[in-house]
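S.K.: So you can see what is in the structure, the chains are spelled out below.
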Amino acid sequence: MTERFTKAAARNIFYGGSLFFFATFVTMTALSHNYIVNTSTDKKGLTEAVVRGKHVWEKNSCINCHTLLGEGAYFAPELGNVWLRYGGDKDPEGAVMALKGWMAAQPSGIEGRRQMPQFNLSEKEVEDLAAFLEWTSRINTQNWPPKLSG
Amino acid sequence: MKYESQKVALYYFAAAMGLFGVQILVGLLAGTVYVLPNTLSELLPFNIIRMIHTNALIVWLLIGFFGAAYYLIPEEAETELHSPKLALIQLGLFVFGALAAVVGYVFRIHEGREFLEQPLWIKAAIVVVALMFLYNVTLTVLKGRRTVITNILLVGMWGIAIFFLFSFYNPGNLALDKMYWWYVVHLWVEGVWELVLASILAFLMIKMTGVDREVVEKWLYAMVGLALFSGILGTGHHYYWIGTPGYWQWIGSLFSTLEVAPFFTMVVFAFLMVWKSGRRHPNKAAMLWSLGCAVFAFFGAGLWGFLHTLAPINYYTHGTQVTAAHGHLAFYGAYAMINLAIITYAMPYLRGRAPYNQTLNIWSFWLMSGGMAFMTFALTAAGIVQTHLQRVMGLGYMEVQEQIAMFYWLRLGGGVAVGIGVVVYLYAIFGPAREERPVAVAGGLQAAE
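Chains as they are written, first to last, in the numbering used here: chain Z, 108 to 257; chain L, 27 to 475.
Because the hints were derived from the structure by calculation, they are not lab data.
None of the values given here were measured: they were computed from a predicted structure.
Worth double-checking, as some hints may not be accurate.
What the hints assert, rightly or not - Dumping the calculated BS3-like pairs for lysine-lysine here, alpha-carbon to alpha-carbon at most 25 Å:
#1 Z:Lys-207 - Z:Lys-197
#2 L:Lys-310 - Z:Lys-114
#3 L:Lys-111 - L:Lys-169
#4 L:Lys-233 - L:Lys-149
#5 Z:Lys-114 - L:Lys-149
#6 Z:Lys-231 - Z:Lys-207
#7 L:Lys-111 - L:Lys-33
#8 L:Lys-169 - L:Lys-233
#9 L:Lys-233 - L:Lys-310
#10 L:Lys-28 - L:Lys-111
#11 L:Lys-149 - Z:Lys-166
#12 L:Lys-233 - Z:Lys-114
#13 L:Lys-28 - L:Lys-233
#14 L:Lys-244 - Z:Lys-114
#15 L:Lys-310 - L:Lys-33
As the list claims (entries may be wrong) - Sample of chain L residues with no beta-carbon within 12 Å of chain Z, all distances over it, derived:
#16 Glu-30
#17 Val-48
#18 Leu-157
#19 Tyr-206
For every residue, glycine included, the Cβ atom is placed at its ideal position computed from N, Cα and C.
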């Protein structure tokens, strides 16, 4: 590095530049916040059941096996669009029934197959979870994932 | 070791290494569950195993950073720590919190967002611990000599504490939750943690190569400048598919591509300093870890990040084993290795012995690094096959997993090599110290510290 490029100049560029980029980032996240709340997610549909369902999701740490919108562990299927895989967009009641059946049947105990724990969810908890997954499946994700398989 | 209070670093390093051991053991268990899925499936399901694996990693790296700071700040500031006692109380609290969290996890006591599973009271305790640390080191720096290394290190550590506060915000709207979750996760590991990494690396280079501080400090500004200029807006590469606006695909792609630059600069910096100095520091193992850190961070965080960061590619690879490959090599190269480097460098001084067990330590370097590289290749191959079958062909998730089962066996093999490497490393660091070439070492120590 040349002599003319002084340490003071390097310092000013670092602090000034970082502040600039951080301010830009915060501004853009504020805009995105607005976009999420009003455009890409269903504001009216964000019911208490959906929020309770999110809590069920968190309380049982589903994210440490599954992914949700591609984030999480990679040990079990993507669930951001599981509502669609269960056909919930066409037959919501059937999808909830299927989910109840699935949750009750775990763990499968099949040798050589990944095991999902038995979380002992109440009927209401599974319904809330379904509401959460249904709401999540309608987030505008720029058409991700590419296939229904998640 | 010039200052008595640097000694607290020894306890930090010991605690960090203990949790490192836990992380690797539990990681081996997780790798085993991938190939033999019925392992402990009722007693300790995979979600709990992974929670412990990732949390232990984060906590040991942080404890290592704290230890590194307590070691290098007195030397940089040329004064004793403000309060060594407070530093030890801080460590005690942190280790207690970490162990309480792990035990709690086993009994299913946790919150539910990835990496932020700590119960609320432990999150609060983490903030208290961070404040104790910041108070202690900031006062130390203020009363002593101010250097660029301590300044950047402090900015990084303050950043860690400040961005952690976002972990207390958990809105009911999942998309909002995810957006602010990255304020902790991304702005840590692709932001302020890089400041800590670069400043520790700069300290090691000054000490081991003896290159003029002025030169090193300019490089340090260049590295951290590039890190934040690219990394802050680089957060955009997490905002492609979570309900955020489409323009993030452009911003994220552009700036996260530039995230390779700081890591490339680190490689050039480290090798140039060593080449310029022409000195041979007696602690060859520490030098190897330092240079290895720059190289592996470049590959793991830089190249493996770039591999899937462009939005059109990420559309297909997002959330596959490609991500897992990148995550493993990036954390190892950038953050595990810088800790192992400073520990290898500092331990002879902390224990009052000349560099020792060099051969073993160097062996552990190649075992761990070779194992991690192998694991990364295996997971990358798994990820590419998975991407094609699942995201292009549209096959079901579990069906695809059966197709890539072999790669998980290979990954476990890599993990076993890492595990052996860790055992060798711990023995080299904490085991009985064998003095090697005592005369040459004594001479070397005076030439370059």
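S.K.: Which numbered conditions among the earlier hints are violated in the structure presented, ordered from lowest to highest?
M.R.: 2, 4, 5 and 19
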